[in-house]
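K.L.:
Taken in order, these protein sequences are the chains called X and C.
UniProt numbering puts the first residue of the first sequence at 1, with every later residue one more than the last.
UniProt numbering puts the first residue of the second sequence at 1, with every later residue one more than the last.
Incorrect hints may have been included.
Computed cross-link-like contacts, DSBU-like style, restricted to lysine-lysine with a CA-CA straight-line distance of at most 30 Å [what the hints assert, rightly or not]:
(1) X:Lys-195 / C:Lys-136
(2) X:Lys-111 / C:Lys-136
(3) X:Lys-149 / C:Lys-216
(4) C:Lys-209 / C:Lys-136
(5) X:Lys-149 / C:Lys-136
Source of the hints: derived by calculation from the structure; they are not laboratory data.
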Amino acid sequence: MLQLSPHSDKSAPGGSPNGPQSGHQSGQTDDDAIVRFASAGKRFAAPDGGAEFVALEDIDLAVSEGSITGIIGRSGAGKSTLIRMVNGLERPSSGRVVVDGIDVAAMDERKMRTLRRSVGMIFQHFNLLSSRTAYANVALPLEIAGVSKAEIAKRVTPLLDLVGIADKRDRYPAEMSGGQKQRVGIARALATNPKVLLSDEATSALDPETTRSVLALLKQVNRELGLTVLLITHEMQVVREIADHVAVLDRGRIVEKGDTYSVFARPQHPVTRTFLEGVTGVRLPAFVTEKMTSEPEPGAEAVVKIVFTGPTATDPILAEIGKTLATDVNILAGAVDEIAGKPYGTLVVALDQAALAPAQALIEERGLTSEVLGYVR
Amino acid sequence: MSANMFWLLWSATLDTLFMVAVSALIGVAIGAPLGIFLATSRKGELFAAPILNRILGAIVNALRSTPFIILVVAIIPFTRLLTGTSIGTTAAIVPLTVATFPFVARLIESSIREVDPGLIEAARAMGASPLQIVLKVLVPEARPSITLGLTLTVVSLIGYSAMVGAVGGGGLGDLGIRYGYQRFMPEMMLAVVVVLIVLVQAVQSTGDKLARHFDKRSRSN
Ligand SMILES: Nc1ncnc2c1ncn2[C@@H]1O[C@H](COP(=O)(O)OP(=O)(O)OP(=O)(O)O)[C@@H](O)[C@H]1O
Ligand SMILES: [Mg+2]
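Isolated chain C, as found in the complex:
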């Protein structure tokens, strides 16, 4: 592999990491509170607001059911509005984030719904406020499951970030398509695939380890 190729690969990897990291952060910043709200706002729940719950749930579903590649194109005006362009790494962050936050919201919602309702009952009996119940009971108890969900989120984000390459998003996907496919450099394609595999493996095993660390539900640790 030539030095030039290596350089290209290196900078594309950094681009990918940048896109993934920023969209994961913003996606979690929006998706986590949304997911917590979705998990606690049905009728009779802590922050009961059934109508808002249904509206937000419908929006989340709509975003989740739109194929990513269509989403990328459909929100180009919005992307332009935010970043001034529709091509490149920064622009790619917008559709990536828009695809991520509903995913995160649903993951967190289901993790929180898995928490034993008896714990909410116990916390209420202690005089906890709804916010205290969320922060001191629901989130800590759901942490192992949330960690696994966020790992999955980052892994899918790596995949999506390669896809935005197809529409000029930059990063590893972009590199693979432009060099590996269009200029027919199979070794570049291979290198891109290898780097993606390594990234996904690293993320997955870190996530698994963290989740195991947080999980005190079994005796084996």
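For reference, chain X alone in the conformation it holds in the complex:
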């Protein structure tokens, strides 16, 4: 049980089907789900005996084995509560949470503790013991599990190597940078060879550079150890960087979920759109936004955002619009991003109002999406 090996055993928990969801190809089926929420809800009692607070409601989510699933939402949306239900730090008030075939809602605390060894967790503020060195911090979960000293040494040293901090083994957390501390945190979470890794805003306290390297490490352990990663964040950037599936949480409900690429390409819910702003696509130059109105005025041009996914070239579509509609197309802004390893382009153009409807039809025909952002004179 204690070697650094990928998990090969697939679990196939049976049970209730997935609930309704917004129209994305989720690619996650119940069959290969290692974590599954089925109509799960969580209510907190009010301290003064008043009305209960509904933190989560009607959560249906299947996390397939070996995937990296991002859960994004605003502060207070219920993200932490959601992942804390996976290792039983929080018990669902309704519905079921099934982890590796076991319903954790029904579990007693003692059994729960054993189960927690197969679920690692990392935290925003690392939560390392200040009185223990890097080595001793990573050893802690093994000590708790009653593993012998010799066995612990055999396990901890390669882990420190894996996360790239072998040289810090005898350093205390106070002597390490944030990124190094989170690496210790990751090594500690991996110590008991878990199948699932929960990450609660693990990069929120880190700078962008360090964030990227920590995310790369998570991706690496996901790939090499076959570890399923469930990570919560309030940064779309993080989701875009490593998640292959994403669920958007808003006020205790999942408002959108699916594979990252299609959620990014065709966000359905306003909250998702808000999160996507500034992460994908383009920021319009100030001289455009200042003059932009939401209502069409006579003589104004329409500002249209075209989103192209996959390797489709934009030039032909612009040329085509120009030619078939005999109109000028002005490019205002454009960008190409990468989401889940695939190119994702945004182009903002201005065109004559009269040409707007036929142009959108043309874009649609090409399998691209367009959106009218406003109008400028």
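We have chain X; now place chain C with the ligands onto it with these hints.
P.N.:
Frame of chain X, contents of chain C with the ligands only:
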């Protein structure tokens, strides 16, 4: 200073050390578990027992708010019951201990409450039992602060042990009052004060050093 005086001073110092050491040990033996319990038994905590927590907290408060000299007199029957007498070094250990353990309990409680709750969360996520959390996380993390608290405890105990001298408890306080004050030997009084100062200094600097040794929270060691 005459040889006789020196001898008196020496044996009084040993008496004081004996009283302080024994009451500190028993006080910690009772106060430490009590303090850990107080720190972990409110609603929603590791060993949640809110009612017991409140009862024990009230007892601790009552003992802590009783002036020491009144405590000494008030528990004389209890002291007699335990030691067969109410005068002398051994008898003095009883009120000293009764005054010490609530103090230790509160010190340890507050040291443990200072530990980042995130660490309890992390330990729970690892599958630690409440007892493992106390022994492997809370106590080690609170150790620097507990060490300073216990140093303070011993220092106050030295002071209290001098006070029991006033009611026939033996030790340095007793010596200072009987010789220094009642027989008007200022040099004896001075000697007693000097020895007390040296004791307190030694305890304090040892405690500080230990606490610094345990404290890995700053980069400067
Ligand atoms: N133990 C609790 N008792 C009462 N209410 C709670 C408790 N834990 C969480 N809540 C409430 O549930 C809601 C969701 O909290 P949660 O911590 O899951 O949010 P979050 O999405 O993780 O937010 P953040 O991004 O700020 O961490 C919040 O409104 C919070 O106040
Ligand atoms: Mg949170």
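K.L.:
Run every hint past the structure and note whether it holds.
P.N.:
Right, here's what the structure says about each hint:
no.: 1; hint: X:Lys-195 / C:Lys-136; verdict: 25 Å, holds
no.: 2; hint: X:Lys-111 / C:Lys-136; verdict: 20 Å, holds
no.: 3; hint: X:Lys-149 / C:Lys-216; verdict: 23 Å, holds
no.: 4; hint: C:Lys-209 / C:Lys-136; verdict: 23 Å, holds
no.: 5; hint: X:Lys-149 / C:Lys-136; verdict: 15 Å, holds
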